[in-house]
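Using the sequences provided together with the hints, build the complete structure.
Going line by line, the protein sequences match chains A and B. Taken in order, the first sequence gives residues 1 to 269; the numbers are from this note's numbering. Taken in order, the second sequence gives residues 270 to 529; the numbers are from this note's numbering.
Simulated from the structure, these hints should not be mistaken for laboratory data. Just to be clear, a hint being listed does not mean it is correct.
Stated by the list, open to error - Part of the chain B face toward chain A, derived, beta carbon under 7 Å:
#1 420
#2 422
#3 423
#4 425
#5 426
#6 428
#7 429
#8 430
#9 431
#10 432
#11 436
#12 444
#13 521
#14 522
Quick reminder that beta carbons are idealized off the backbone N, C-alpha and C, glycines included.
Here's the letter readout for the chains.
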Amino acid sequence: MDAKDARSTWDDLSLHDVSMTFNPGGGSEYPALENASVKVRRGEFYCLVGPSGCGKSTLLNLIAGFVRPTSGTIRIGNRQIVDAGTDRVVVFQNATNALFPWLRTHENVEFGLSVQGVPKRQVSERAMRCLDLVGLRDHAHKFPYELSGGMKQRCQLARALVLEPEVLLMDEPFAALDAISKRIMQKELLRIWRQFRMTVIYITHDVGEAVLLGQKVAVMRRGPRSSVKEEFIVQEPYPRKPTDEIVITMNAKVEASLQEEVGDSLYAG
Amino acid sequence: MQDRLVTLARRAVISAASISVAVLAWAIFARYFAFPDLVPSPWDTFGTGASMISSGALLSHVGISLERVLVGYAAGCILGVLIGALMGRIQIVRQFADPLLQLMRPISPVALVPLSIIWFGIGDLSRYFIIFYGVVIIMIMNTAAGVASTPNIRLNAARCLGARPRQIFRRVIIPSAVPYILTGMRVALGFAFMGIVAAEMIAAQSGIGYLIMQSRMLLRTDIMFVGLVTLGVLGAIIDGCFKLAIDRTMKRFMEHQVNV
Chain A
1 MDAKDARSTW
11 DDLSLHDVSM
21 TFNPGGGSEY
31 PALENASVKV
41 RRGEFYCLVG
51 PSGCGKSTLL
61 NLIAGFVRPT
71 SGTIRIGNRQ
81 IVDAGTDRVV
91 VFQNATNALF
101 PWLRTHENVE
111 FGLSVQGVPK
121 RQVSERAMRC
131 LDLVGLRDHA
141 HKFPYELSGG
151 MKQRCQLARA
161 LVLEPEVLLM
171 DEPFAALDAI
181 SKRIMQKELL
191 RIWRQFRMTV
201 IYITHDVGEA
211 VLLGQKVAVM
221 RRGPRSSVKE
231 EFIVQEPYPR
241 KPTDEIVITM
251 NAKVEASLQE
261 EVGDSLYAG
Chain B
270 MQDRLVTLAR
280 RAVISAASIS
290 VAVLAWAIFA
300 RYFAFPDLVP
310 SPWDTFGTGA
320 SMISSGALLS
330 HVGISLERVL
340 VGYAAGCILG
350 VLIGALMGRI
360 QIVRQFADPL
370 LQLMRPISPV
380 ALVPLSIIWF
390 GIGDLSRYFI
400 IFYGVVIIMI
410 MNTAAGVAST
420 PNIRLNAARC
430 LGARPRQIFR
440 RVIIPSAVPY
450 ILTGMRVALG
460 FAFMGIVAAE
470 MIAAQSGIGY
480 LIMQSRMLLR
490 TDIMFVGLVT
500 LGVLGAIIDG
510 CFKLAIDRTM
520 KRFMEHQVNV
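In structure tokens, the structure reads:
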């Protein structure tokens, strides 16, 4: 399949009045999301920030199709999301658990193609291309435990890219990395996104990171009954620097919006 | 390489010293503190053992016992992994089987020997059953724990990479459980060796357990000691081979997971 052909059918992602209640009717009933509506244009880099426990990851799990919403619909174009699928691949924060530790780096990347019965020759060829893309070719034969934190995330990224997903879902992917690896990985991600042009939904609790990466930054209300409160459009072209004027002012705006949700608890300390 | 040889040699020397000290203590005890008929000296034991080896008697007992262990152990491992996997994945199976397991766990295989003979006769079937029983319970518990411990996000990762439930089970859940399964297999092997002696002590005409039991009638403590030493050596060798085999073939599943 040619990537270009696939891309022409890619579409916008929308959540319409999505509610998610855990343990409905039970003693520990928890309404995580209530009437959350989101629209993400195809190919958009969409960042989600919010206070911890606000349901960012729940939102991502819903889009991934790991769980079904209590009510509301999630669509890509006209397709309703009812299950997990290779059009929406997730990059998790905890790479050690997310990767298959008994498979070498290239085997991890090959997994998605191989379970779908893609011919072996093609599988290794396409996996190698993606490993090249994320700069892991020289480490293709290592096991995940032999990789650094940044390299593990590269491996997860390659494992997703090999399936040419329409939407890349990222759940605080670089939160566990040191500051320098984080900067490098952010740059790499932007480079790859600009090459592939898939939709990226990027969850983070780091406002600075969100403003540096996203075309749109959405702030979520604090839980329970959370939803997207407001969206900020970051006009600054890439590559951005933390010192760019627009980045700084946008940072302040998002931070202020977020602080309304966190309340005084963040700075009362 | 040089360093590894040195460490290896060091370990060998310490192991040899440990065994030598034990044999020496045994020899002193037998010589100065005990009746020779009750506690045979190491040399008597080794002498008896050597003559039993050259006559072929010891090896035939060992062979018979090993065969019984192998059959019961293999059956217990296979069935234990299957049941354990079902328990780990399907909640209703787990909830149904768990109380039964908790009740069965304290019942030692030895307690089942008389019943097993009534049920399965004095043939090998009753002995397979006793070993099987001890092994299967350990394997069920370990496999179920391993299968249930697969990280949720690893399952989710497999799902969004397009794996179907059956593929997830075979290619994600079982490999994730391998360290637990192998640990269970090593523990169960020890239990199988304990079980075989119990199984052979009653109504058997061969095997190491029979050898030990029969020596009691003849008051041949030296043969008893030969039996005991044989059990120890055999168990240690097989466990060593097992560990080596795991290290050689299963390394990718064990690395940075639980240690066996």
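For each hint, the structure was consulted:
Interface restraint check: residue 420 of chain B against chain A, minimum CB-CB distance 4 Å, threshold 7 Å, status holds. Given the 7 Å rule on beta carbons, the hint for residue 422 of chain B holds: about 5 Å separates it from the nearest Cβ of chain A. For residue 423 of chain B, the suggested interface contact is upheld, since its CB lies about 5 Å from the closest CB of chain A, less than 7 Å. A hinted interface residue such as residue 425 of chain B counts as satisfied when its beta carbon comes closer than 7 Å to some beta carbon of chain A; here the least separation is about 5 Å, so the hint holds.
The interface hint given for residue 426 of chain B holds, since its Cβ lies 5 Å from the closest Cβ of chain A, which is under the 7 Å cut-off. Interface hint status for residue 428 of chain B: upheld, as the beta-carbon distance to the closest one in chain A is roughly 4 Å, under 7 Å. Nearest Cβ of chain A to the Cβ of residue 429 of chain B: about 5 Å, under the 7 Å cut. The hint holds. Interface hint at residue 430 of chain B: satisfied, since its Cβ lies 4 Å from the closest Cβ of chain A, which is below the 7 Å cut-off.
Restraint check, residue 431 of chain B versus chain A: the minimum CB separation of about 4 Å is within 7 Å; hint holds. Checking residue 432 of chain B against chain A: minimum C-beta separation of about 4 Å stays under 7 Å; hint holds. Taking 7 Å as the C-beta contact cut-off toward chain A, the hint placing residue 436 of chain B at the interface holds, the least distance being around 5 Å. Taking 7 Å as the C-beta contact cut-off toward chain A, the hint placing residue 444 of chain B at the interface holds, the least distance being around 5 Å.
Residue-level restraint check for residue 521 of chain B holds (minimum Cβ-Cβ distance to chain A is 5 Å; threshold 7 Å). Against a cut-off of 7 Å between C-beta atoms, the interface hint on residue 522 of chain B holds, since the closest Cβ of chain A lies about 5 Å away.
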